[in-house]
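> Now for the letters of each chain:
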Amino acid sequence: MDRLLYGAAYYDEYMPCERLSQDVEMMKKAGINTVRIAESTWSTCEPQEGVFDFSHVERVMDAMEEAGMGVIIGTPTYAVPTWMVKSYPDVLAETRKGRGIYGPRQIMDITHPAYLFYAERVIRKLMECTAHRKCVIGFQIDNETKPYGTAGRNVQEKFVKYLRKKFNNDLDALNAEFGLNYWSNRINAWEDFPDVRGTINGSLGAEFEKFQRSLVTDFLRWQAEIVSEYKREDQFITHNLDLCWRGYSYGVQPEVDHYEVAKCLTIAGVDIYHPSQDQLTGEEIAFGGDLMRSLKKDNYLVIETEAQGFPDWTPYDGQLRLQAFSHVASGANSVMYWHWHSLHNACETYWKGVLSHDLQENAVYREVCTIGNDFKRIGSHLVNLKKQNRVTILVSNEALTALKWFSIQMHGGSEDYNDIVRWMYNTLYHMNIECDFIWPETESADMDAYEAILVPALYAASDAVLERLNCYVEQGGTLIATFKTGFANEKVKVSHDAQPHILNRCFGVTYQEFAFPKQVKLTGESLAAFSDKDREASVFMELLMPQGAEVLASYEHPNWGRYAAVTKNTYGKGSAVYIGCKTTENMLEKIFRETLPETILTEEPEERFPVIVRKGVNDLGRKVYYYLNYSGQEQNARYAGTEGTELLSGRHVTNGEALILPAWGFQVIEAVFPS
Amino acid sequence: MDRLLYGAAYYDEYMPCERLSQDVEMMKKAGINTVRIAESTWSTCEPQEGVFDFSHVERVMDAMEEAGMGVIIGTPTYAVPTWMVKSYPDVLAETRKGRGIYGPRQIMDITHPAYLFYAERVIRKLMECTAHRKCVIGFQIDNETKPYGTAGRNVQEKFVKYLRKKFNNDLDALNAEFGLNYWSNRINAWEDFPDVRGTINGSLGAEFEKFQRSLVTDFLRWQAEIVSEYKREDQFITHNLDLCWRGYSYGVQPEVDHYEVAKCLTIAGVDIYHPSQDQLTGEEIAFGGDLMRSLKKDNYLVIETEAQGFPDWTPYDGQLRLQAFSHVASGANSVMYWHWHSLHNACETYWKGVLSHDLQENAVYREVCTIGNDFKRIGSHLVNLKKQNRVTILVSNEALTALKWFSIQMHGGSEDYNDIVRWMYNTLYHMNIECDFIWPETESADMDAYEAILVPALYAASDAVLERLNCYVEQGGTLIATFKTGFANEKVKVSHDAQPHILNRCFGVTYQEFAFPKQVKLTGESLAAFSDKDREASVFMELLMPQGAEVLASYEHPNWGRYAAVTKNTYGKGSAVYIGCKTTENMLEKIFRETLPETILTEEPEERFPVIVRKGVNDLGRKVYYYLNYSGQEQNARYAGTEGTELLSGRHVTNGEALILPAWGFQVIEAVFPS
Amino acid sequence: MDRLLYGAAYYDEYMPCERLSQDVEMMKKAGINTVRIAESTWSTCEPQEGVFDFSHVERVMDAMEEAGMGVIIGTPTYAVPTWMVKSYPDVLAETRKGRGIYGPRQIMDITHPAYLFYAERVIRKLMECTAHRKCVIGFQIDNETKPYGTAGRNVQEKFVKYLRKKFNNDLDALNAEFGLNYWSNRINAWEDFPDVRGTINGSLGAEFEKFQRSLVTDFLRWQAEIVSEYKREDQFITHNLDLCWRGYSYGVQPEVDHYEVAKCLTIAGVDIYHPSQDQLTGEEIAFGGDLMRSLKKDNYLVIETEAQGFPDWTPYDGQLRLQAFSHVASGANSVMYWHWHSLHNACETYWKGVLSHDLQENAVYREVCTIGNDFKRIGSHLVNLKKQNRVTILVSNEALTALKWFSIQMHGGSEDYNDIVRWMYNTLYHMNIECDFIWPETESADMDAYEAILVPALYAASDAVLERLNCYVEQGGTLIATFKTGFANEKVKVSHDAQPHILNRCFGVTYQEFAFPKQVKLTGESLAAFSDKDREASVFMELLMPQGAEVLASYEHPNWGRYAAVTKNTYGKGSAVYIGCKTTENMLEKIFRETLPETILTEEPEERFPVIVRKGVNDLGRKVYYYLNYSGQEQNARYAGTEGTELLSGRHVTNGEALILPAWGFQVIEAVFPS
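Protein chains in written order, with our numbering: chain P, -1 to 673; chain V, -1 to 673; chain X, -1 to 673.
Chain P extracted, bound-state conformation (with noise of 0.2 Å):
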């Protein structure tokens, strides 16, 4: 890419009156270079079956193109119109509770051919219509696709010829591996197969979640493909991927596989959207930026995230520069909002854009134009951003789902995975320790090359990933593991040999009990300087007996005194480290620095969150050192780069010098040589 983009959703189509023009001034003004359009109007350009208008594509096209501004446009597949609906009522997708009625979007039956069918035509007249054209700068397959819960018998069937192949047709292998035995619940004959959406085995459960996550991934290679036949050479195929929503971009995407999806876009998309005012942290923008750099490992767009978003996202003055700037410091090369303007109608109302109802200047369009001038000022230096990171975080949509179905919930905890995965996240975030994310799936060449391995309860894995996380100990490198690791196979069979299944040789430690922390406490030589609050351990507590491990926390408990809480093995040329319970994020961050490599933590910048300092090569082969401020009130950091000059004020900068960040604000420094 040779320029940051910066721009937001348009929607034309939607405006309560005639504003084109206008809009595209204003957005000139701001130094905003990129619109996404045409991705939910499927109504507006096949008003009937077979009749085409893209009119209202055509037009934005034209004004952009006059006013020099790039184009992304988006198939309009993920909300289908009245007419199909009226038609083929069963293109709605069935799900647990039956056939949905129309209305949302988002709820059809992905792999239905009269959906299909119609899908290709409009994307192709689409195509057409809108390759060929300059300001076209690449596409959006659909968008925030999911499997929408289709379990229609269609869709069940192909369910039973996929585990069919799964299985080599063997009814028994599949029961002996699912557990089928269990409540009678056994099939005798493949035309026995009981509808799955009733299921209460985990197994059969899980395994159902993946294969629809797989459709998924083949709807978004299929359109993929029909855009590739027509774009250009410099066009980008991307999608709209978003995480976990929690009222927020939380955390690992149940409901796809992003790794693989990633394989058939050219850069990966995202949207992230995050608390804001005084909840601001930047967390979800570091967390969704590093999963999607590491998917393609490679620079991402980020293709939708807050402009004024809902009334308690309104941003303090600051914030939205402070953000942008941070989604640039993880590898972003885009920031793109939802959306321009704020919508009159319908049901997001509230989700304000850059522009409030009366489509004037305010307050977060002025701020908006600074952006977009800094960027067309200095993007230059800030597009591109490469990272080498020495730590990695492994993360499973197999265990997310495995670990739904086997609830910490279930009887009294309070957590799921995610959480898990974000307790360690965050902790190397307020640490300042930048990382990447990996996946089963990864090629063992790609786990190798980093230092330290973190594995958040990757409760289920096959014995494959687990041997060669073994392998990677012994050949020297670190591994820290929660709770919950190695429980159970890829296909939610729990392990009948030791705990941690296979990964007990390289941690060195057994457990065959567990039970739910309470009132209990960490204790250990080296935490007598830890509050009680600090040593509290929460969630789940696994009662490890070390078998060669050396213990660095145990149980403070009446009953759980004679367990290991948090181990560390060497184990070959590396190490390994286990951690039984849930701790306080202090505690983890103590546990990290006790058993992260030396390598890692001397690269450790002395600031620490709400400071929050992020690195990084540019194109000019320089290194790029961005300090954020996350806080309301003023904070001290310190320039550990060699002599550079702050981008935004071409301030001369020298190492060791102290930076003075005010609320929300930030200062980006390039060295002044290349590293």
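If you're looking for bench data, these hints aren't it; they were derived computationally from the structure. Any given hint could turn out to be false.
All copies of an identical chain are treated as equivalent in the list; a pair is satisfied when it fits inside any one copy or across any two copies.
[Said to hold, decoys possible] The list that follows gives simulated cross-link-like pairs (lysine to aspartate or glutamate, EDC-like), each with its CA atoms no further than 20 Å apart:
hint: 1; residue 1: Lys84; residue 2: Asp193
hint: 2; residue 1: Lys261; residue 2: Asp310
hint: 3; residue 1: Lys132; residue 2: Glu56
hint: 4; residue 1: Lys95; residue 2: Asp193
hint: 5; residue 1: Lys491; residue 2: Glu16
hint: 6; residue 1: Lys84; residue 2: Glu189
hint: 7; residue 1: Lys374; residue 2: Glu23
hint: 8; residue 1: Lys516; residue 2: Asp310
hint: 9; residue 1: Lys402; residue 2: Glu346
hint: 10; residue 1: Lys516; residue 2: Asp315
hint: 11; residue 1: Lys132; residue 2: Asp0
hint: 12; residue 1: Lys402; residue 2: Glu592
hint: 13; residue 1: Lys84; residue 2: Glu227
hint: 14; residue 1: Lys294; residue 2: Glu231
Could you slot chains V and X onto chain P? The hints should help.
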């Protein structure tokens, strides 16, 4: 009406034993002069299709006639007999949740021809049997009617016809006004109209609810017309209107247009239930009463209110009496209990009547006797109380529904339309400022008669209504409106000019952004004496930018400090106050004191809640003052009228005389000379 | 029974690997002598319709027989195979929520002929294969059977026939008794009978639930009769009855008439699960045990109880042992764990058995070994423990169901029937007063054998039952009943004479009103020493008016002060205590102390919870005393029996000797001489 009606719903057909003559004796002793019968007896009076048996109605009328008591006849249509559902299962409404199952009352489709056919026949038969009876003083059509969520195919087809008419068959206009382009919801042919039950479009959804309310109006008008064919001149037609239910009668009824329904009634009727014991405040009695009195600008009937009610309503000594006189003080011409005896079966067994399950005299019955005999003695001084209030509150079903679709609560707020209405109302109530209600449909002349109009959260309103309010100020009125006023039009399309739409002219203020107040206080010169707690902002916060208005209060907050919170503007001959956030009641009281016209403030009694003062003029043209003590402690008051008589004791009272009000007690003073 | 059964449910067919001989070895080492098998294996033993394969049952029987262990055979009918549902989808029960989807167990219609046909065939085949085997000591018919909400057309037609019979075809009688006139629910022709799933009529609803309970009785009797055709004289028939489930075994089972079902069993069986760790109290062990022992007035089997159970149940050291001996102390002749090994798949993976997932010896297994070997050693002194209690508690499914339909919780209360039962039971338990249970159906002679009957909230009961209780007092018994007793008849029609119906004679008290106690305390001469907290009234409050009874406590409250709260009355030769509200446990203990017969109070041990004392007479005619410490701290006790032997240690113990009970520890002392 020539006397206060005092009575109860009477269910002879629910009695576990023969009780009629004994009940009549007990009623007479208690001073009860009216019973309401027949309103849920369809299965009894038409045991099989076309077979009629009104003997249970006749025998009660006979007994009451002999005892000289009046009877209100309820049409029995709100609960259908089993045979109807057996033969025509689709008389049960199909709702968002599907078709109902027989059992509860009020689950039928009030538009279904089969239901209407049978309903008309049984009403006519009942009228033939009752209308000519001397004891029958009036009719209640149906009971607490609602649309019951009816949304089956037939209803939706009616709705589409309604829309075609409303939009002159112009689908493009509908798409534009409702913003259906969003998420591809655009409808390009009438025959494509999707099932409205699934819609996520707030404009379409709110319009359907408005349509559903019109079904109630149509249904009740139709019943009223049938009854009118039979009724005598001296017999009234009423309906048991009920308020928004939150375990008690809370606010504006969302599912019925009271204003429209009232047109087909000769007198408004209402049920009012409220917390009791230590929670008894009189707020609901006053609120419901003021609303009902305003509907037809006349006295009204309290058709149902609690005797013992639920276990948490079992009244303390004196409370029932205080309640009865409070109803009359608001302009009620009746106090009727639901119900005479407690039920021994079914489901409302714990909603206890005057008599407990043992059907004997009890504490409540003994208090009823004192009330009944007081009414007999001094009722002619109490009946037909008239009021001439200077303040009114504008309430709107459209605003309520729109603010449900775009709920403040959606992303962190905590209140809805009725909470804001009650906040304003309760503040006036506690200040002893009596008020009326008006609706968007109220005629201009009626509106102009008031010196001040309060407008809680008029979220959706037509331009015409907003222009009228603007004009009201211009011509000298005082307008006090809250946040969320004038945001969207009556189709729930948000205005795309300066907020508040149109009214920004009279308010001299606008805003572009809003947020939820978190640790935000109001601040201003005149607030120095206010405690931190009293200065808290809550619920929602608009960031006001004065365009000429005087700032009464600003926000105290690191980021929002530059915005105004409460403003006052002189516009034409009048003045307009805008309140940008929810405040404490003390703060709102202060705003009222600073901004209401002097004429109102000088009339304000010196008493404050828990002493409530109500006033009016009786049939003798004399002013009547109620001093009501809503507390368990003795209270003092001071008589503000001219030379008068305390009606219960006959005691002579002079202006300025100190009144001692016992716990849950009261005094009623009639001025000696007509005013 | 000639020995204590000690064992576990054993699922060879769920094992992830061949384990049989190893498991048998481990069991023998642990002193386990019994396994329960086959109860959820239908899909394994009848893999396709009419194809039978019992090899997995045979091989376990072979192994157990060789090892000298006993086997309990469970009929496999509580979970149906996939082929049955595929061919006959309507064997799945149709409930209020519609037809179920295959997956969970216990979702079939237990009245459906297709289900019954296949069930009978598989039971007969299983019996043919197992009944003659030497190792088979008994049979468990089905498992934790319930009606599963079955309410399809077929079931409802049966219900109407049941009503026609009950009311001698007299529909008017039914309408009158159930109060169906209410809300027009009157049924005027049998063919009009509406879908009972929608009813709001508590009488009809409760009757349908009673009918559903009768389906369970019929179903289990039918299974027992089939099994009886095959079983030997020495083989028992039992069922795994379970209690009301609140995450553990809490109270009276609402969906099954235990009293009726027990008639078709040769010995009662039960599962008892309970909180553990710091929450272990023994309450559920004692409650469930007393209930089961009372069913057939004999010893009973604990068929399932927790080994490790859920993570919050993982036992502390000693707890498993304390639990096992507590079961036996209540009269259990077996302690059987659910289950031997932890499951590796499906859904109960975290309901852990004796062995953890690694199938190796662990902490729990080691404790099981000590228990098993103790039982082997001294079991003959423990088995068949008999009790002769003087106090009994009357419990009733009818009352429970009626109090669900007319819930105290509906308008502010916080408890239900079982909470009131457990309040009374727990108070006795903490006082170490052992008790039995009786039912409304219990014969008069059995009832009269007790010196005191406690009656928690007997909300619905026939006149006959109430007359018998009245008569019981008249003839010298002590009756202690709580609020909500004697309110409605067995058809849930509230009495229309003085409350409590009939019993007001023996209690010498009546009431007409009730309320929820809010800041209400009990007050009375004898309560001077009680703290404010101990005097609190809660849940519900009847306003008692004594008609001759002595007032033990009144309400302390500005308005309710004139009413009594607890009364005591001498009636005939006996005495009757009425408790009008929920009190603290300390208060209830005081009431018991003041009102229970001296014979009971003089026998009361001096120990109180957490030291629990249980007694009985063993097969040798000797009295056995259990001193159980339900706490994590060492406790003292004093041996109250005559010269004895502590059975575990063989130590000689004399009357009055001090006993030291370690944390979660106990002593078992057998008197030397027969009593």
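> Now look at each hint and say whether the structure bears it out.
So, going through the hints one by one against the coordinates:
1. Taking the closest pair of Cα atoms, lysine 84 and aspartate 193 come within 20 Å of each other only across two copies (9 Å); inside a single copy the shortest separation is 27 Å, beyond that limit.
2. Taking the shortest Cα distances, lysine 261 and aspartate 310 never come within 20 Å of each other, neither inside one copy (36 Å) nor across copies (43 Å).
3. In this homomeric assembly, lysine 132 and glutamate 56 come within 20 Å of each other (Cα to Cα) only inside a single copy, at 12 Å, whereas the closest approach across copies is 77 Å.
4. In this homomeric assembly, lysine 95 and aspartate 193 come within 20 Å of each other (Cα to Cα) both inside a single copy, at 13 Å, and across copies, at 17 Å.
5. Taking CA atoms no more than 20 Å apart as the test, lysine 491 paired with glutamate 16 passes between copies only; the shortest distance there is 16 Å, against 60 Å inside one copy.
6. Taking the shortest Cα distances, lysine 84 and glutamate 189 sit within 20 Å of each other only across copies (8 Å), while inside one copy they are farther apart (33 Å).
7. Taking identical chains as interchangeable, the C-alpha atoms of lysine 374 and glutamate 23 lie at most 20 Å apart only when both belong to the same chain, with a minimum of 16 Å there against 78 Å between chains.
8. Taking the shortest Cα distances, lysine 516 and aspartate 310 sit within 20 Å of each other only across copies (9 Å), while inside one copy they are farther apart (35 Å).
9. For the homomeric pair lysine 402 and glutamate 346, the shortest alpha-carbon distance between copies (14 Å) is at most 20 Å, but the shortest distance inside one copy (30 Å) is not.
10. Taking the shortest Cα distances, lysine 516 and aspartate 315 sit within 20 Å of each other only across copies (16 Å), while inside one copy they are farther apart (43 Å).
11. With identical chains, the CA atoms of lysine 132 and aspartate 0 are at most 20 Å apart within one copy only, with a shortest distance of 16 Å there and 85 Å across copies.
12. For the identical chains of this complex, lysine 402 and glutamate 592 are neighbours neither inside a copy (32 Å) nor across copies (54 Å), given an alpha-carbon limit of 20 Å.
13. When the C-alpha separation of lysine 84 and glutamate 227 is checked against a cutoff of 20 Å, the pair qualifies neither within a copy, at 31 Å, nor between copies, at 45 Å.
14. Taking the closest pair of Cα atoms, lysine 294 and glutamate 231 come within 20 Å of each other only inside a single copy of the chain (18 Å); across copies the shortest separation is 74 Å, beyond that limit.
Taken one by one, the earlier hints fail for this structure at numbers 2, 12, 13, listed in ascending order.
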